[in-house]
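Position chain B relative to chain A; hints supplied.
Taken in sequence, the protein lines are chains A and B.
Quick note: the first sequence uses our numbering, first residue 1, plus one each step.
Quick note: the second sequence uses our numbering, first residue 1, plus one each step.
One or more hints might be untrue.
Straight line, CA to CA, 25 Å or less: simulated DSS-like cross-link-like pairs of lysine-lysine [said to hold, decoys possible]:
1) A:Lys284 - B:Lys12
2) A:Lys449 - B:Lys17
3) A:Lys162 - A:Lys203
4) B:Lys51 - A:Lys258
5) B:Lys51 - A:Lys284
6) B:Lys17 - B:Lys51
Example chain B residues on the side facing chain A (calculated, C-beta under 10 Å, incomplete) [said to hold, decoys possible]:
7) Ser3
8) Ile35
9) Ile59
Just so you know, these hints were derived from the structure itself, not from any lab.
Glycine included, C-beta positions come from ideal geometry on N, C-alpha and C.
Chain by chain, the residues:
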Amino acid sequence: MSCHQHKNFDFLENHGDYIIALVAQPNAGKTTLFNTLTGARGYVANWPGKTVEIFSGTVIHHGKKLTIIDLPGIQSLHTSSQEETLTKECILENKFDAIILLINAESLYRSLYFILQILELTNKVVIAINKFDVIERRGFHINIAALEAKLGVPIVTISALKKIGIGPLMDRIMDLLEKKSEKAEKFKIDYGSLEEYIEYTQKFTNDRGLAIRALEGDDYILETLNEKGRNEVRRIRKEIEEKYGFRPEELIAMTRYKIIEELTQNAIVKVNVAGKNLEEKIDKIMLNNWIIGLIISLGIILSTLFIAFTINTGFPLNIIFEELGLTELANIIETYNLGGIISMIFSTLSTLTQNILEDANIPTWFIDLTTNGIIAGVGAVLSFLPLIFMVNVVMALIEDSGFMARMAIIFNKITRIVGLTGKSFFPVGISIACNVPGILATRILEDDKERFRVIVSLPLIICQARLIVMIFLLSAFFTSPLAQTGTTLLLYTLSFSLFLLASKIVTKTALKGQEQELILELPPYHIPSLRVISWISWERSKSYIIKAGKIIFPASIIIWTIMHIGPNGYTPNPNTAFGYIIGNFIIKAFNPIGINSWEIGLALLTGILAKEIVIETLAISFATENPLEAVKALHLTIPQALSLLTFIMLYTPCIATIATIYSETKSLKFVLLNLLLQLSIAYIFSYIIAYIAMLIL
Amino acid sequence: MKSLDEIEVGRKVRIVKILGGYGLVRRLVSLGLTIGVELLIINNQGPIIIKLGDSNIAIGRGIARKVLVEEII
Numbered sequence: 001m002s003c004h005q006h007k008n009f010d011f012l013e014n015h016g017d018y019i020i021a022l023v024a025q026p027n028a029g030k031t032t033l034f035n036t037l038t039g040a041r042g043y044v045a046n047w048p049g050k051t052v053e054i055f056s057g058t059v060i061h062h063g064k065k066l067t068i069i070d071l072p073g074i075q076s077l078h079t080s081s082q083e084e085t086l087t088k089e090c091i092l093e094n095k096f097d098a099i100i101l102l103i104n105a106e107s108l109y110r111s112l113y114f115i116l117q118i119l120e121l122t123n124k125v126v127i128a129i130n131k132f133d134v135i136e137r138r139g140f141h142i143n144i145a146a147l148e149a150k151l152g153v154p155i156v157t158i159s160a161l162k163k164i165g166i167g168p169l170m171d172r173i174m175d176l177l178e179k180k181s182e183k184a185e186k187f188k189i190d191y192g193s194l195e196e197y198i199e200y201t202q203k204f205t206n207d208r209g210l211a212i213r214a215l216e217g218d219d220y221i222l223e224t225l226n227e228k229g230r231n232e233v234r235r236i237r238k239e240i241e242e243k244y245g246f247r248p249e250e251l252i253a254m255t256r257y258k259i260i261e262e263l264t265q266n267a268i269v270k271v272n273v274a275g276k277n278l279e280e281k282i283d284k285i286m287l288n289n290w291i292i293g294l295i296i297s298l299g300i301i302l303s304t305l306f307i308a309f310t311i312n313t314g315f316p317l318n319i320i321f322e323e324l325g326l327t328e329l330a331n332i333i334e335t336y337n338l339g340g341i342i343s344m345i346f347s348t349l350s351t352l353t354q355n356i357l358e359d360a361n362i363p364t365w366f367i368d369l370t371t372n373g374i375i376a377g378v379g380a381v382l383s384f385l386p387l388i389f390m391v392n393v394v395m396a397l398i399e400d401s402g403f404m405a406r407m408a409i410i411f412n413k414i415t416r417i418v419g420l421t422g423k424s425f426f427p428v429g430i431s432i433a434c435n436v437p438g439i440l441a442t443r444i445l446e447d448d449k450e451r452f453r454v455i456v457s458l459p460l461i462i463c464q465a466r467l468i469v470m471i472f473l474l475s476a477f478f479t480s481p482l483a484q485t486g487t488t489l490l491l492y493t494l495s496f497s498l499f500l501l502a503s504k505i506v507t508k509t510a511l512k513g514q515e516q517e518l519i520l521e522l523p524p525y526h527i528p529s530l531r532v533i534s535w536i537s538w539e540r541s542k543s544y545i546i547k548a549g550k551i552i553f554p555a556s557i558i559i560w561t562i563m564h565i566g567p568n569g570y571t572p573n574p575n576t577a578f579g580y581i582i583g584n585f586i587i588k589a590f591n592p593i594g595i596n597s598w599e600i601g602l603a604l605l606t607g608i609l610a611k612e613i614v615i616e617t618l619a620i621s622f623a624t625e626n627p628l629e630a631v632k633a634l635h636l637t638i639p640q641a642l643s644l645l646t647f648i649m650l651y652t653p654c655i656a657t658i659a660t661i662y663s664e665t666k667s668l669k670f671v672l673l674n675l676l677l678q679l680s681i682a683y684i685f686s687y688i689i690a691y692i693a694m695l696i697l
Numbered sequence: 001m002k003s004l005d006e007i008e009v010g011r012k013v014r015i016v017k018i019l020g021g022y023g024l025v026r027r028l029v030s031l032g033l034t035i036g037v038e039l040l041i042i043n044n045q046g047p048i049i050i051k052l053g054d055s056n057i058a059i060g061r062g063i064a065r066k067v068l069v070e071e072i073i
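Okay, chain A solo, but in the shape it has when bound (with noise of 0.2 Å):
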């Protein structure tokens, strides 16, 4: 079920002659090692049997082709995650030709324990250092030949962002590979009188480092030894406990620590850095005072998504110019953003396939297909594409320069209301810019469970796209801005108080579990750099593309032939179409509030293609080129518009989103779960707005 000798690796397309798994701590800088070394020629495969998608890539290093896997990242040996579990059985079982441990030099102390644990169990390792060249700047100093001794292995020492270090890395390996600096004995700690304990364990396992952890209660191990030899080990763990007063696991990583203190007194010096430290600065003003904190959290996420969103869409930029009476300058940031820009050269792709399919006397009814169905599709996919690598970029700015770990501590403080740790925050944060690699940014998340709660109601979260439905609707609803800013506020106070609610709904019902507790490493300020971000920042962007890609192209096929197939054949026009059918039956939920046109109907399907295609279907259906023109048309009153804008916003996320909430959990009970949660949220909303406004008006 997991890993195993070369022909398991099958689904590597030819993976050369020797295998080299990369293991690292998160924060080691492994992906930036990875593209260092195969020059971001990487590849994404599916582990056989499990929803864990794993990199590899390939170096050829003295004539001998290497394959580089890039196996996710790992705390420790006590792990819980899948994909670290994954990592961990391929240590375990001890398959590969050869591992880079990677280790970041900022927490070497932390990382010694890792390292520790990995060296009991197999001595295919060559122990990369990186970020030395960080801690040397701050006043730390290794003895690498010291450790080396120690330990057994090579080590090196590398800084994988500045490509220092990178050519002995790979001679090292190749050394280890050729059996040049092989030693027969595995790197052995004196346990003292877990020794004897050691040996009888040793008996079942047949090696002394799968013994260790057996006898630290390594379920993962426990479960490959025979009825015997489980039930003996579980004996001796009780007679270990009865007999010292602590658990084996408990004493066994004393003598670990107690090894650690020993290494680093007499490897690690640190001279004095003068000044007070400034990431000790920083975080007194962070985390000293929680309301400046807040208020410093959101100050950086939103000016940054501010950013965003302007080189975009040119939202809200534009708005602001416009105020000001600078309408030219207004316009050029609306026409000259990237969506705009991308817009336009599919417009002309457009324009241009029909001139040419016109020409070749091909059938309308295809014509149509092509520009208006897949042409269009692609595009307003494509469209949103500069906003999710922009939203990307900002966040791996976040996360990169260690801020994402303190604003987790001070959303802690909201998020553990509903039983979410502080982390959850990250992709919420990422959902107002689009939902899809809100979902991804899940991953940071340890907990499956509260990765599942978080993913069900992270759509509620109002995106882009329906910001953009939203700003376009209030302005054609109403005139004076003050109304339209006040119901904007209120759309996203309902949105983020409903994320939570949704998030607390399912903690106490279809996701029952342990709510988790907050604990993790903070890692040193530090500028961000720009080869990390945008490696980072182009490989989530990358897999949107993809997901989103495989849905839209036949969705925006289903959703030309609803809007042009009618009982009668094609038909240009939408009255005589299924559309007419469809929209009519489903805007029947709305007629007790009196709003009645198939339209609306319609364009509330159309939307889950993408948000906003509301807007487009509108003026399709009434055969008018200005939108404005057919939201007015519909004839609403202000309760009945600010209903329909409340379902408009939380309904049932676009299919992008759908399709990532399957690829995420690759559950059908989760995507369901998350269909009729907003469902009925947007359904009873939409009524409980459109009552009170009726009072209130």
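Showing chain B alone in chain A's frame:
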């Protein structure tokens, strides 16, 4: 013996006992928190922030209550 959440900022403590189940002990050990380890408390508002070796770690208050420590003078 006090629990970790009762310690003032700036004090140094040594972990004496962890009152949690198996899962909690594992999570703490993976971050370097185990019996006998010495820590410095650097923040005690919301989650407790401690300094262990060269890394800072934030620990939720619920977990901190389960970590028993003794103060080192």
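Worksheet item: Between A:Lys162 and A:Lys203, does the CA-CA distance stay at or below 25 Å?
Response: 47 Å, violated
Worksheet item: CA of B:Lys17 to CA of B:Lys51, is that 25 Å or under?
Response: 18 Å, holds
Worksheet entry | chain A contact restraint for B:Ile35 - C-beta distance below 10 Å | This interface hint holds because 5 Å falls under the 10 Å limit.
Fill in: Restraint check for A:Lys284 with B:Lys12, where alpha carbons must lie at most 25 Å apart
Status holds; Cα separation ~19 Å.
Practice prompt. For the pair we were handed, A:Lys449 and B:Lys17, check the Cα-Cα distance against 25 Å.
Written response: 28 Å, violated
Worksheet item: Is B:Lys51 close enough to A:Lys258, meaning Cα to Cα at most 25 Å?
Response: 18 Å, holds
Discussion item. Holds or violated: the hint that B:Ile59 contacts chain A, with Cβ atoms closer than 10 Å.
Written reply: 5 Å, holds
Worksheet entry | Satisfaction of hint between A:Lys284 and B:Lys51, Cα-Cα up to 25 Å | Judged against 25 Å, a Cα distance of about 14 Å means the pair holds.
Worksheet item: Does the nearest C-beta of chain A fall within a distance shorter than 10 Å of the C-beta of B:Ser3?
Response: 14 Å, violated
In the structure shown, a violation is registered for the earlier hints numbered 2, 3, 7, in ascending order.
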